[in-house]
Amino acid sequence: MHHEKKSIRNHLLKDIKVSTIYSGIKKTQNNEDDLLLIELKNKSAIAGVFTQSLTSSASVNQCKKNLTKYKEPLVRAILVNSGNANAFTGKIGEETVLKISKYLSKKLNCSINQIYTASTGVIGEQLDPEIVIKSIKSMSPLKSPDWIKAATAIKTTDTFTKVSKRVCKIDNAEIDIIGIAKGSGMIAPNMSTMLGFVFTNANISSDTLQKLIVSSNELSFNSITVDSDTSTSDTVLLASTKTANHKLINNFNDNRLVEFKENLFSLMLELAKLIIKDGEGASKFITIKVTGAKSKKSAKKIAFSIANSPLVKTAIAGEDANWGRIIMAVGKSGQPANRDKIKIYIGDEQVTQNGMVYENYSELRATEHLKKDNIFLEIDVGVGKSSSTVYTCDLTHKYIDINADYRS
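So for the sequence shown, numbering that gives the first Met the number 0 puts the first residue at 0; every next one is plus one.
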C-alpha cells in the first residue's frame with residue numbers, strides 16, 4: 000500500500016499541480032488550510048454530477064454551465080474553498096464566482112469555461128472574492144501533488160481526510176485514479192453536502208467520462224445518507240489529463256474500459272463509505288439491502304425510507320432490536336411490498352416470516368449484532384427480483400451537539 004501511494008504521488012499524475020493555503024474563510028482555531036487550487040494540463044477532459052437541490056450554490060450553477068457549453072468540455076483549474084457555501088447569495092454570489100474565475104482564467108491563460116469552482120460551508124453568507132484572489136496570488140504548487148493536504152483543505156465538520164487511489168490498465172498502459180472527498184452531515188441522495196474530485200491520466204473523452212461518473216455515482220455517492228438532508232453544494236468532478244499511452248476511448252461500452260470501470264466504481268464507493276463512517280456523531284456504519292422488489296428504483300426508495308428513519312437510526316444507536324420500526328419504514332415508503340412475505344434480517348438473524356415474528360427469532364442474537372460497529376440489515380419485500388443497497392449511520396446525541404453549535 001505504501002508503494003502504491005508513492006507511485007501515485009510521484010508518477011503518472013505528477014503533472015497535476017496542487018496548492019493549498021489558509022485564507023481565513025473557514026473559522027478554525029488552528030488555521031487549517033481552507034482553499035485548494037488544482038491546475039491541470041491543457042486539454043484535460045472533465046465530467047461532473049451535482050446536487051438536485053433547487054437552491055443550488057453559485058459554484059454548482061457555474062460548473063453545470065461550463066459542462067453544457069461545449070460538446071467536449073475541458074478543464075484547466077479546479078478551485079475549492081471550505082467555510083462558506085456561497086449558496087443563497089443571489090446575484091452577488093454569482094458575480095463572486097465570475098470575478099474569481101475571470102482572474103484565474105487570465106492567470107492560466109485559458110477560457111473562463113475551463114475554470115471550475117466549488118464551495119462548502121455556511122449557507123447565506125457572502126463569499127469575499129478579494130480574499131480568494133489575494134490567497135491565490137500567495138499560493139504556489141507543492142513539489143508533487145499531496146492529496147492528503149488537498150483533502151484536508153476542503154473539510155468542514157469532517158473529522159478525517161478522505162483519499163482513495165487505484166492503479167489499473169487500459170490496453171498495456173498504466174492508469175492512475177486518485178480521489179478526494181469531503182462530507183459528514185447534510186448527506187442524502189441526490190448527493191449531499193459533499194464534494195468529490197477524482198483525477199486520472201486515462202485517455203478518455205469528456206462525453207465518455209460523463210457516462211462513467213453518472214453510472215458510478217448512482218451506486219456510490221447517490222446511495223448514502225447521514226441525515227436525509229440534501230445540500231445546496233454537492234459536486235463530484237472527474238477529470239483526466241489524457242496523458243496515458245493508449246488510443247483515445249470515446250465509447251462507454253468499449254471493452255477496454257472494463258477494468259477502469261471496476262476501479263473507478265470501487266474508488267467512489269470507498270469515498271462514499273468514508274463519508275458515512277465520518278457521519279456527524281455516528282458510532283455505527285449501517286448497510287441496508289432491500290431485495291425482492293418490483294424494480295431497482297423501488298428497492299432503493301424502500302432502502303432509503305429505512306435509512307432515513309430517525310426511529311430506526313436511534314434504535315440502532317441504542318442497540319435496541321426494535322424491528323417494528325423497520326416494518327414501519329417499509330410501509331411508509333409507498334412502494335410495493337407483500338406484508339405476508341416480508342423477511343427482515345438483523346445480521347444473520349431472521350426476524351419475520353408469514354406476516355409475523357419468525358418462530359426461531361432470537362432477540363438476544365439480534366441485539367448482539369447491534370452491539371457491533373458495522374450493522375447489516377436485509378429486507379426481502381416479496382414482490383419481485385430487484386435489489387438495492389444503501390449505506391447510512393446511526394443518529395446519536397452528538398449529531399445534535401455538532402449541528403446546534405455549527406455557526407457558533
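FYI, nobody ran anything at the bench for these hints, they're computed from the structure.
Each hint should be verified, as a subset may be incorrect.
Here are the simulated lysine to aspartate or glutamate pairs, EDC-like style, with alpha carbons at most 16 Å apart [unchecked claim]:
| hint | residue 1 | residue 2 |
| --- | --- | --- |
| 1 | 98 | 127 |
| 2 | 342 | 318 |
| 3 | 371 | 318 |
| 4 | 296 | 379 |
| 5 | 148 | 71 |
| 6 | 276 | 372 |
| 7 | 98 | 71 |
| 8 | 371 | 339 |
| 9 | 63 | 31 |
| 10 | 101 | 129 |
| 11 | 13 | 145 |
| 12 | 370 | 339 |
| 13 | 168 | 253 |
| 14 | 293 | 379 |
| 15 | 288 | 206 |
| 16 | 210 | 145 |
| 17 | 340 | 358 |
| 18 | 70 | 206 |
| 19 | 295 | 358 |
| 20 | 210 | 71 |
| 21 | 260 | 206 |
| 22 | 340 | 377 |
| 23 | 272 | 145 |
| 24 | 260 | 318 |
| 25 | 246 | 347 |
| 26 | 26 | 127 |
| 27 | 210 | 261 |
| 28 | 16 | 173 |
Being a predicted model, the structure only gives us computed values, none of them experimental.
Evaluation of the provided hints:
Distance hint between residue 98 and residue 127 is fulfilled; the C-alpha atoms sit about 10 Å from each other, no more than 16 Å. A distance of roughly 20 Å separates the Cα atoms of residue 342 and residue 318; the hinted pair therefore is violated under the 16 Å criterion. Taking the CA atoms of residue 371 and residue 318, the gap is near 9 Å; set against the 16 Å cutoff, the hint holds. The straight-line distance between the Cα atoms of residue 296 and residue 379 is roughly 15 Å, inside the 16 Å bound, and the hint therefore holds.
Using a Cα cut-off of 16 Å, the hinted pair residue 148 and residue 71 is violated, with the two alpha carbons roughly 30 Å apart. For the hint pairing residue 276 with residue 372, the CA-to-CA distance comes to about 10 Å; that is within 16 Å, so the pair holds. Of the pairs offered as hints, the one joining residue 98 and residue 71 is violated, with about 24 Å between alpha carbons and a cut-off of 16 Å exceeded. The straight-line distance between the Cα atoms of residue 371 and residue 339 is roughly 30 Å, outside the 16 Å bound, and the hint therefore fails.
Proximity of residue 63 to residue 31 is assessed by CA-CA distance (about 29 Å); at most 16 Å being required, the pair is judged violated. Under the criterion of a C-alpha separation no larger than 16 Å, the hint pairing residue 101 with residue 129 is consistent with the structure, at around 12 Å. Restraint check for residue 13 and residue 145: satisfied, since their Cα atoms lie roughly 10 Å apart, inside the 16 Å limit. Of the pairs offered as hints, the one joining residue 370 and residue 339 is violated, with about 29 Å between alpha carbons and a cut-off of 16 Å exceeded.
Restraint check: the Cα-Cα separation between residue 168 and residue 253 comes to about 14 Å, which is no more than 16 Å; the hinted pair holds. Restraint check for residue 293 and residue 379: the C-alpha separation of about 11 Å stays at or below 16 Å, so the hint holds. Distance check on the hinted pair: residue 288 and residue 206 sit about 32 Å apart at the alpha-carbon level, beyond 16 Å; violated. Using a Cα cut-off of 16 Å, the hinted pair residue 210 and residue 145 is violated, with the two alpha carbons roughly 28 Å apart.
Taking the CA atoms of residue 340 and residue 358, the gap is near 15 Å; set against the 16 Å cutoff, the hint holds. Straight-line distance between C-alpha atoms of residue 70 and residue 206 comes to about 8 Å, which keeps the hinted pair within the 16 Å bound. At most 16 Å may separate the alpha-carbon atoms for a hinted pair to count; residue 295 and residue 358 exceed this at roughly 30 Å. For the proposed pair residue 210 and residue 71, the alpha carbon gap of about 13 Å is at most 16 Å, so the pair holds.
Restraint check for residue 260 and residue 206: the C-alpha separation of about 15 Å stays at or below 16 Å, so the hint holds. A threshold of 16 Å between alpha carbons decides the hint, and for residue 340 with residue 377 the separation of about 14 Å falls inside it, so the pair holds. For the suggested pair residue 272 and residue 145, the alpha carbons sit about 22 Å apart, so the restraint of at most 16 Å is broken. Straight-line distance between C-alpha atoms of residue 260 and residue 318 comes to about 38 Å, which puts the hinted pair past the 16 Å bound.
Annotation: proposed proximity of residue 246 to residue 347 is violated, straight-line Cα distance about 48 Å (limit 16 Å). For a cut-off of 16 Å, the pair hint linking residue 26 to residue 127 stands: about 14 Å separates their Cα positions. At roughly 14 Å between alpha-carbon atoms, residue 210 and residue 261 fall within 16 Å of each other, so this suggested pair holds. About 20 Å separates the Cα atoms of residue 16 and residue 173, which puts this hinted pair outside 16 Å; it is violated.
The structure shown violates the earlier hints numbered 2, 5, 7, 8, 9, 12, 15, 16, 19, 23, 24, 25 and 28.
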